[in-house]
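Trainee: From first to last, the protein sequence lines are chains A and B.
Here the numbering used here = 1-based position in the first sequence + 5.
Here the numbering used here = 1-based position in the second sequence + 5.
What the hints contain is simulated information worked out from the structure, not anything from laboratory work.
A couple of the hints might just be wrong.
Identical chains blur together in the list; that is why a pair holds if it fits in one copy or across any two.
[To be verified] Straight-line alpha carbon distances no greater than 25 Å define the calculated BS3-like cross-link-like pairs of lysine-lysine that follow:
(1) Lys125 - Lys147
(2) Lys125 - Lys104
(3) Lys12 - Lys208
(4) Lys150 - Lys55
(5) Lys160 - Lys125
(6) Lys150 - Lys125
(7) Lys12 - Lys209
(8) Lys246 - Lys106
(9) Lys55 - Lys246
(10) Lys225 - Lys147
Number of protein chains: 2
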Amino acid sequence: MPSTSAKPSLYTCLSPALLHLYDVSSSIVVIIDVLRATSTIATALHNGAKAIVPVDSVADCIRIGKQIDAITAGERDGQVAEGLQYGNSPFEYPESFVKGKTLVLTTTNGTKLLHMALEKGAQEIITGSFPNLSAVCTHLIKRGKNVILGCAAWKDRINIEDSLFAGAVIDQVRDHFDIQCDSSQIASTLFQNGKDDLYEFMKKHNASHYHRLNNYGLEKDIRYCLSADSTNVLPLYTGGKLVSTVI
Amino acid sequence: MPSTSAKPSLYTCLSPALLHLYDVSSSIVVIIDVLRATSTIATALHNGAKAIVPVDSVADCIRIGKQIDAITAGERDGQVAEGLQYGNSPFEYPESFVKGKTLVLTTTNGTKLLHMALEKGAQEIITGSFPNLSAVCTHLIKRGKNVILGCAAWKDRINIEDSLFAGAVIDQVRDHFDIQCDSSQIASTLFQNGKDDLYEFMKKHNASHYHRLNNYGLEKDIRYCLSADSTNVLPLYTGGKLVSTVI
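For reference, chain A alone in the conformation it holds in the complex (with noise of 0.2 Å):
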């Protein structure tokens, strides 16, 4: 019989395509998207949004769009996509443009990485962010479940911005968790050392996405993505959308 005085594992998936390796089943998966799908949806339940319904590809959102009457916003390679009304910026949701209404959203990765864990049959999904950094971890430590911090990197690859959020989690509740996972110890170092100044670090180590994302112009998104606990929410996915939560 398991010790009752066992702490739930945590496990750090760094890509999508190593998400098979992990026990999704039996955990709580929280979906990070940092650059921008999940500070957006963070920013945007904080500003109001009734609900964010994530889908895969962009004509499913312009089809659920009309159907639900909602906002269609995403974006594909880091900007608005083709038949879209919004992008996948943080700013473009103020309370004075969202409150009350729904969006419907399609990103190029942290939509992907949610509907795996939801074929995986995960027993919790929520997502995470800079934005909404404590809610996640106070939530994680209440709920007292076995925890994957599943990275949607980007196109599979791994991220620095996904692994730098895994490693602020881990920074605030590894000790209520059992952590044997190499890749969480990585993740961990990555944000011991960037943490004083994550836009720096990132610039300083020539991060993919944040020279994708600087070549359009968009350094106050990355700022304010990198920037931790503006939005105090918990997105939680239930009934196909993600719905902000009392924590």
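With the hints as your guide, set chain B onto chain A.
Mentor: Okay, now just chain B, sitting in the frame of chain A:
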């Protein structure tokens, strides 16, 4: 027309499950299996072994070993595999034993990755480990071709020791390559943190493989496998064998 002054690219692939993301056919692939396959390969060749034949299965190891009258060696899950004569420890292959002999070797992760790189048409395959770190770096700089640092990992799970070695290579060769790869930056950060005492770093960060081997009483192996430049050989895969190459 591409600039003739452009540097070759360098990518780090932190798990065999991510190898499909990289352009293997235009690159030299460095197979990295620090604990302990590639450390043992470098050591055996340094001590005068004629060649090492990497094979996937224990059955193939026994069969080919008989055919060519070679030493059969290998491990499964870190221990000598049933039916084989020797294991995966560098200390099993002193000059007095191995000189002039051929080893047929099968290991859990390293030989698998080598064969994956072969199937994907790698331009050249070499093996890297701390014992032959400088030999690898000198070779890569001299060749001036695109490079993929391929970490063998542990059953596809990213591990600290192979990532550390990738970081150690990057530390020596970075001026000669164009490195647009977050995994390389992560490996590099890890190595910068650990380089003063790699053994202590592994211990402190609770590296899973450190524990696995330490539980078998293999501290001496681990310390050796984390020490740079005791063997100045370059194992090159050619004609189905790894042979020592003058660099």
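Trainee: Indicate, hint by hint, whether the structure satisfies it.
Mentor: We went through each hint and held it up to the structure:
1. Lys125 - Lys147: Only inside one copy: Lys125 and Lys147 sit 24 Å apart there, 47 Å across copies, limit 25 Å.
2. Lys125 - Lys104: neither (32 Å within a copy, 51 Å between copies)
3. Lys12 - Lys208: between (37 Å within a copy, 21 Å between copies)
4. Lys150 - Lys55: neither (27 Å within a copy, 53 Å between copies)
5. Lys160 - Lys125: Close inside one copy (19 Å) and across copies (20 Å); limit 25 Å.
6. Lys150 - Lys125: within (17 Å within a copy, 41 Å between copies)
7. Lys12 - Lys209: Answer is between; shortest inter-copy Cα gap is 20 Å, intra-copy 37 Å.
8. Lys246 - Lys106: within (13 Å within a copy, 64 Å between copies)
9. Lys55 - Lys246: within (10 Å within a copy, 62 Å between copies)
10. Lys225 - Lys147: neither (33 Å within a copy, 42 Å between copies)
Checked against the numbered hints given earlier, this structure breaks hints 2, 4 and 10; the rest are met.
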